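2 protein chains.
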Amino acid sequence: MPDHLGEFDLIARYFRRPASSALLGIGDDCALLQAQAGMQWAVSTDMLVEGRHFFAGADPRQLGHKALAVNLSDLAAMGAQPHAFLLALALPAADPRWLGEFSAGLLGLADAHGIELVGGDTTRGPLNLCLTVLGLVPDGLALRRDAARAGDELWVSGTPGDARLALGHLRGEWQLAPPALEQVLPRLHAPQPRVALGLALRGIAHAAIDVSDGLLGDLGHVLQASGAGARVDADAVPAGAALAQQPLQRRRSCQLAGGDDYELLFTAPAQRRDAVLRAAAQAGVGVARIGDIVAGRGVLLHDAAGRELAPDYASFDHFADR
Amino acid sequence: MPDHLGEFDLIARYFRRPASSALLGIGDDCALLQAQAGMQWAVSTDMLVEGRHFFAGADPRQLGHKALAVNLSDLAAMGAQPHAFLLALALPAADPRWLGEFSAGLLGLADAHGIELVGGDTTRGPLNLCLTVLGLVPDGLALRRDAARAGDELWVSGTPGDARLALGHLRGEWQLAPPALEQVLPRLHAPQPRVALGLALRGIAHAAIDVSDGLLGDLGHVLQASGAGARVDADAVPAGAALAQQPLQRRRSCQLAGGDDYELLFTAPAQRRDAVLRAAAQAGVGVARIGDIVAGRGVLLHDAAGRELAPDYASFDHFADR
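One line per chain: the protein sequences are C and E, in this order. With my numbering as the guide, the letters of the first sequence map in order to residues 819 to 1140. With my numbering as the guide, the letters of the second sequence map in order to residues 819 to 1140.
Just so you know, the hints here were simulated from the structure itself, not pulled from any lab data. It cannot be assumed that every hint is accurate.
Derived Cβ-Cβ restraints for the label pairs, each shown as a range [said to hold, decoys possible]:
no.: 1; chain 1: C; residue 1: Gly969; chain 2: E; residue 2: Gly1102; range: 29 to 37 Å
no.: 2; chain 1: C; residue 1: Ala1059; chain 2: E; residue 2: Pro914; range: 25 to 33 Å
no.: 3; chain 1: E; residue 1: Gln852; chain 2: C; residue 2: Gly1104; range: 30 to 38 Å
no.: 4; chain 1: E; residue 1: Ala874; chain 2: C; residue 2: Gly932; range: 56 to 64 Å
no.: 5; chain 1: C; residue 1: Glu1126; chain 2: E; residue 2: Ala1008; range: 50 to 58 Å
no.: 6; chain 1: E; residue 1: Arg967; chain 2: C; residue 2: Ala930; range: 38 to 46 Å
no.: 7; chain 1: C; residue 1: Gly1102; chain 2: E; residue 2: Ala874; range: 45 to 53 Å
no.: 8; chain 1: C; residue 1: Ala1122; chain 2: E; residue 2: Arg834; range: 35 to 43 Å
no.: 9; chain 1: C; residue 1: Ala855; chain 2: E; residue 2: Arg967; range: 49 to 57 Å
no.: 10; chain 1: C; residue 1: Ala1113; chain 2: E; residue 2: Gly958; range: 47 to 55 Å
no.: 11; chain 1: C; residue 1: Gly990; chain 2: E; residue 2: Arg834; range: 32 to 40 Å
no.: 12; chain 1: C; residue 1: Pro1087; chain 2: E; residue 2: Gly1102; range: 36 to 44 Å
no.: 13; chain 1: E; residue 1: Asp957; chain 2: C; residue 2: Asp929; range: 22 to 30 Å
no.: 14; chain 1: C; residue 1: Gln854; chain 2: E; residue 2: Glu1000; range: 27 to 35 Å
Cβ-to-Cβ under 10 Å is the rule here; a few derived chain C residues that face chain E [stated by the list, open to error]:
no.: 15; residue: Gly875
no.: 16; residue: Asp877
no.: 17; residue: Gly938
no.: 18; residue: Asp939
no.: 19; residue: Gly953
no.: 20; residue: Leu954
All values derive from a computational prediction rather than experimental measurement. Ideal Cβ placement from N, Cα and C applies to all residues, glycine included.
With the rest of the complex left out, here is chain C (with noise of 0.2 Å):
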């Protein structure tokens, strides 16, 4: 096999399919997406860069399957269904075996979720990934975060906290028993974007975003939007077995402000509640009630006792002095 491949040998090779849904895939300037009546398109697009996202020599079949993963997220939130997606790639060398296993992770996730590669660009530069994705969802119907209303209940699914108690120990900040570190690392490397659930709380759901940069922080990012505020209750939050082994105080900072969990944090009416817990069981995934939407602005965070706690759980914030 060469060193190196030519740019469009690349493409052809590892990651060019046939198109199915998409009117033209890979290969021409852009690709054709028919519009469909009715329907809204959700776009977003994000970028992971080694040593910051990703550990320099990361595992290449995971680091395809995570790029994906957290573009995902994003549909996932909206309650949009996954249709297409484009990948823009710098590569310090065009690596045959990187390449290999980078596009089986990406494909295989891909494929997991009926979403299409229908597009891209690749270049020489530092490691870079860029995603875009697109996904469908019916007018009026997308999930958004200003529309939290007073009288909400506040809902997370899974168990956040879990990716950052795996990221803790990699950068050694403490250390985790085998046992422990198994159960975490998956959740850090390989997440599952809650895409069945955001389609599931469509009509159901006010208000949804996914935990990227930490519980805390996003649902500030909802607050704000919704001009609302929250009582959050900290030990309503689920953790993870390896989690609800450790001391308190790293206990409740990985779950309200560790980030790259990618589930998805949502708000529906109290009536809902019921509705919530079916469409969770549909999905196959736990949610938990951790508190309520009020008047007025900031979060409130309290213990089960009923206690305040001090909200200072900073997210994860990537241009911010630490």
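Following the hints, position chain E against chain C.
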């Protein structure tokens, strides 16, 4: 002014404007775009890396312009009307001056073409710009690479090779006199995407591509997709004032193998020659007939006297060994 801005402040300060044509713009997990019956979406993504697509320390206003221009050029080559775009940006630091200039260049060209920034992502990392553009084209009218037919005439817009002439000066491959440099530098740094020409050619041209990798190389993509060959008269390719004064071999190299001009290369039936010329006049762009599409494979390159030339003008490949 702070040296470092938070990610969310950064988007809000430099890039956020109220959504107009989009249902929902920057600030949610996804942007929302309304589907339109009878229209297709043309979607493309391009990644620009420092040191490869532009020099380190490049003027940020020109860079903002160029990053969008090369993406608009992909829409032009499909005959699509620009509609919306997303910007993902990796930056070594959040420098307010750089960001202000970059966004002015970017949004200035966006306004000129009526295309709206609807979403994006910012992160810290080696400078990398990834844009995704979305345009609209009526069903069946897209200018595809695979639509060239034997008997079509081959056309190119503008004066290809100017950008490559400027690049050679900056790289020290040759020295240009100040007036010549002044003529070709804007062609490299601030290319004008041929959007109006692409729109005017709908229903007239068969195949189209934008010349980003070199005229002969990009022609090769059209011929491969269409299963056809071409005869090209090298002397029929128009030369700009500076290029016309260069030695013959350098002129031909720049014209036939130089990328980065973002002119349109397209084919149209011979009987539509007048319609092509009217479309070009309407778009305010010069076009020249430089050859013919023929049955068979490959390119026969010749000069004005009919003498065959070796078509050894390699186009730009980001992963080839050079």
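Hints, verified against the model:
no. : hint                                 : in the structure
1   : C:Gly969 with E:Gly1102: 29 to 37 Å  : violated, 58 Å
2   : C:Ala1059 with E:Pro914: 25 to 33 Å  : violated, 46 Å
3   : E:Gln852 with C:Gly1104: 30 to 38 Å  : holds, 35 Å
4   : E:Ala874 with C:Gly932: 56 to 64 Å   : violated, 42 Å
5   : C:Glu1126 with E:Ala1008: 50 to 58 Å : holds, 57 Å
6   : E:Arg967 with C:Ala930: 38 to 46 Å   : holds, 40 Å
7   : C:Gly1102 with E:Ala874: 45 to 53 Å  : holds, 49 Å
8   : C:Ala1122 with E:Arg834: 35 to 43 Å  : holds, 39 Å
9   : C:Ala855 with E:Arg967: 49 to 57 Å   : violated, 33 Å
10  : C:Ala1113 with E:Gly958: 47 to 55 Å  : holds, 53 Å
11  : C:Gly990 with E:Arg834: 32 to 40 Å   : holds, 38 Å
12  : C:Pro1087 with E:Gly1102: 36 to 44 Å : violated, 56 Å
13  : E:Asp957 with C:Asp929: 22 to 30 Å   : holds, 28 Å
14  : C:Gln854 with E:Glu1000: 27 to 35 Å  : violated, 50 Å
15  : Gly875                               : violated, 16 Å
16  : Asp877                               : violated, 20 Å
17  : Gly938                               : holds, 6 Å
18  : Asp939                               : holds, 5 Å
19  : Gly953                               : holds, 7 Å
20  : Leu954                               : holds, 8 Å
In the structure shown, a violation is registered for the earlier hints numbered 1, 2, 4, 9, 12, 14, 15, 16, in ascending order.
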